[in-house]
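J.: Sequence:
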Amino acid sequence: MDSITFGCVTVTLPSLNEPGSYLSNVTSLDSVEFDTCDLASARITDSKLSRVVFRNCKILGASLTGVALDNVLFENCKLDYTSFEQVRATGPVAFSKCVLTEASFTGCALTGAVLDACTLRLTEFGRGKYKDLDLRGNDLTSIQGVANLDKVIIDRAQQSELAEALITELDVTFGDTLNERR
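Residue numbering for the sequence shown follows this note's numbering, starting at 376 and increasing by one per position.
What the hints contain is simulated information worked out from the structure, not anything from laboratory work.
The structure displayed is predicted, hence computed values, not measured ones.
Yeah, the Cβ is synthetic: ideal placement off N, Cα and C, and Gly gets one too.
All clues stand as given, with none of them false.
Calculated pairs, SDA-like style, for lysine to any residue (alpha carbon to alpha carbon, straight line, at most 25 Å):
#  : residue 1 : residue 2
1  : Lys472    : Asn523
2  : Lys504    : Thr543
3  : Lys472    : Thr516
4  : Lys472    : Arg496
5  : Lys423    : Asp491
6  : Lys506    : Val427
7  : Lys504    : Gly520
8  : Lys506    : Tyr456
9  : Lys472    : Asn451
10 : Lys504    : Gly466
11 : Lys433    : Thr411
12 : Lys453    : Ser479
13 : Lys526    : Arg511
14 : Lys506    : Ala484
15 : Lys453    : Arg496
16 : Lys526    : Gly441
17 : Lys453    : Asp410
18 : Lys433    : Ile419
19 : Lys433    : Arg463
20 : Lys504    : Thr494
21 : Lys526    : Pro467
22 : Lys506    : Ala522
For each label pair, taking beta carbons as the anchor points, the in silico distance ranges come out as:
#  : residue 1 : residue 2 : range
23 : Glu555    : Ala492    : 34 to 44 Å
24 : Ala538    : Ser403    : 39 to 49 Å
25 : Arg418    : Ala532    : 31 to 41 Å
All chains should be built: construct the whole structure from the sequences, respecting the hints.
T.: Following this line, the structure appears as structure tokens:
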């Protein structure tokens, strides 16, 4: 662990740069900004994040389980392979310019949240509540769990993207390619 000395006082700092590091017994974070942090493999469980900003962070392979999000911004973060389970948006939540390749949302209540200009390659939306989840400005062609996204907000141009994702998910065979498939 690192330490910093100020006169006669030495403060020992936690070493949170190691893979798999975690904060134990933290039930809430309020008014915190994480900027350019490596939070890969972080585990955040049964907590509340309020007025928290994650900016330019690597949160690869992390797990957020049973977390309430209120006024939380993920901006320009890499969230590849991150698992969101039973995550609830209890206030405004935004993912802006984030990469969520193969991330999964399971049992989440993301009502009213927004994903803006994010990479959603093979991002999986399991059962959950996604009413008014704003997906405008994202490429939806390779998302998974399309049938779970009832009542989301999209642009008209994204209709074909959702259709393409659904066709891929259902492994549909087109009649004109039937002979090629056999």
